[in-house]
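Asker: Each chain, written out:
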Amino acid sequence: MSARFADPRGEPAWLRALLIAAALGFLALFLVVPVAAVFVQAFSKGVATYLAAIREPMALSAVKLTLLVAAIAVPVNTLFGLAAAWAVTRFRFRGRNLLVTLIDLPFSVSPVVSGMLFVLLFGAQGLLGPWLAERGVRVLFALPGILLATLFVTAPFVARQLIPLMESQGAAEEEAALSLGASGLQTFAWVTLPKIGWGLLYGVVLTTARAMGEFGAVSVVSGHIRGRTNTVPLHVEILYNEYQFAAAFAVASLLTLTALATLAAQALLARRLARRGVR
Amino acid sequence: MHGTWGSESARRSRSRRRAERGPLPGFGLAMGTTLLYLGLLVLLPLATVVLKSAEIPPERLLEVVASPRALASYRLTFGAALAGAAVNLVFGLIVAWVLVRYRFPGRRLVDALVDLPFALPTAVAGIALAAVYAENGWLGAPLAALGLKVAYTPLGVGVALTFIGLPFVVRSVQPVLADLDPVLEEAAATLGGSRLQTLARVVLPEILPAAATGFVLALARALGEYGSVIFIAGNLPMESEITALLIMVQLEQYDYAAATGIALVFLIASFSLLLLLNGIARLRRSGGAA
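Protein chains in written order, with our numbering: chain C, 1008 to 1286; chain R, 53 to 342.
These aren't lab readings, by the way, just hints derived from the structure by calculation. Hints are supplied without guarantee of correctness; some may be wrong.
What the hints assert, rightly or not - So the derived list for chain C, only partly shown, Cβ under 10 Å to chain R, looks like this: (1) T1108; (2) P1118; (3) L1124; (4) W1138; (5) W1197; (6) S1260.
Note that the coordinates shown come from a computational prediction; the quantities given were computed from them, not determined experimentally. Glycine is no exception: its CB is placed at the ideal position from the N, C-alpha and C atoms.
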C-alpha cells in the first residue's frame, strides 16, 4: 500500500512481474524460438554439411547476385530518397501530402503484386515486352527485372526516414549558409548532409536489409534460374522445396546473421539520433 | 533554371513563385527527379494493372474475382490477418508498456529485437516457423499432443501473420506512451482512482489512437504477405491457400487476366486501409491526443 502512495504511477509488484513475463514470453515464442531454430537446423547435419552448403557454387552465385542487386538498388534509392526529402521538406507547393502518400505507396502493395506489375509491363504479352524483345533486351527472368522489383519494393525507406527528420530540423541553417554566399551544392554538402547523416544511414541500413532479403516480388520476376537469376532468399526456397533442409537453413543462417547485424546497427543509430534530440 | 531567357515579367513571376515556395535552391532538380522516378517506377506499372484489367470483359473479371477459390482465399487471408493483428494489438500494448515503463535486465536488447520481423527476410521467417510448428517441431510437437495442428493449416497462416505484424503496434504506441504526461495519472490517483481505473480510463484512451494505427498497419502488411506464409500454410486450394499465393499460381499458369483481376482487389483493399490510416491520423491531430 505504502508503495502505491509513494509512486502513483506504479503497479503492484505482482502485476509488474506478470506483464513483464507476458511480454517476454510472447517475444520469446515468436522471435527468439524461430531464430534459434534456424541455427539449430543449419548445424543439424554437422559443421561439414553447413560449410559445404554455403560454399557450393550455386550458393555463391546467389550471394553474388544478391550483393550486386543491393549494390545498385541502395545507391539509386538513396539518391531518390534525398531528392524526395529535399523537395518535400524544403519547399511549399500544392499536392505535398499527395506526394508523400505516393512515396509511401510501394509499402502498401503486396510483394507478389509488386513483382506482377513488372510482368505485365515486360512479359511476352506485356506493354513493353515485345518491343524490347525485338531489340534483344531481356528484362524478365534476368537481372533488370530483379533490379526493378527490388527498386520498387525498397524505394520508400530512405525518403521515409529523412522526411520527418528534415521536417523537424527546419531549413534555417541552410538559409544562413546561402545568405553567406555558399552555393546550393556547397550548402547541401556542408550543412545538410552532416545534419541528416545518422538518419540517412538509418534509411540506408533499412534499404540494404530489404534489398538483400526481398522474396515475393523477386520470386515473380526471377524465373528461378539456378546460377543465373537466383538470389539468396530464392536459393533458400529451392533447397527447402527439395527437402535439403540442413542446406536451406545453412544458407538461411547467413541471412539471419545479416538481419541481426541490421538490428544492432539500427539500435546504435537510434541511440545516436536520440542523443541529438531528434526522433 | 537560370532564366537568362524570357521576358522581364516572366522572370519576375518565376522569382515570385520561388519566394512563395521558400528561399532554398534545387526545387526543379529535386522535384523533377522525384516525379520522374516515381512516375516510371511506381505510377506507370500501377497504371498498367488498371489498363490491363480494363481490357478484360467485365463478366470475366467478375467470374475471376468472385470464383469460389478466390473467395475462399480472401476469407482465409483476411481472417488470419485480422486474428494476427488482434493478437498483436493485445501483446503489442503489453510489450510497449513494459518497454517504456519498467526497467529490467536486457531491456535494450529486447527493444532492438522487436524489429526482427522487419529485418529478417520473409523466406527465412517462413521456413523457421514451419520447422518450429511442424508436428515434430519444438512447439508443434507439444501442441499436436494437445490435439492442435498448426503447420499446414489455417492456424499456421495466423501464426505467420502474427510474426510479420509484430512490430507495428509496439512501435506505434511506444513514443506516445513515453510522451504521456505523468500529471494525468497522478491526478487520477490523487482523486481516489484505483490503479486499474487510472489505466483503463486515463492511460488507455490516450494510447488508443496510436494502437489503432499499429493495428491497421499490421493488418495491411499481413494481407499482402507471401514469403513467411507459404512454407507454413498447406497451400491447398479452398482450404489453406492465401490470396497472394493464388496470384502466384495464376501467373505461373500464364493466366494474366485472373492474376490482374485479383491483384486489383488487393490494390483496392490496401488503398482503403491507407485512407483509413489517414483518417486515424487526422483524428489524432485534431483530437490533440499526441
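Asker: Go through the hint on C/T1108 and say holds or violated, using the shortest Cβ distance to chain R against 10 Å.
Answerer: 7 Å, holds
Asker: Classify the hint on C/L1124 as holds or violated, based on whether any CB of chain R lies nearer than 10 Å to its CB.
Answerer: OK, holds: C/L1124 within 10 Å of chain R, min 4 Å.
Asker: Is the hint on C/P1118 kept, meaning its closest Cβ partner in chain R is under 10 Å away?
Answerer: 5 Å, holds
Asker: Can C/W1197 be said to touch chain R, with a Cβ gap under 10 Å?
Answerer: Status violated, d = 14 Å.
Asker: Against chain R, is C/S1260 within 10 Å by beta-carbon distance?
Answerer: Holds - the Cβ of C/S1260 comes within 10 Å of chain R, reaching about 9 Å at its closest.
Asker: Report holds or violated for the interface hint on C/W1138, using the least CB-CB distance to chain R and a cut-off of 10 Å.
Answerer: 14 Å, violated
Figure legend: structure checked against the earlier numbered hints; hints not met, in rising order: 4, 5.
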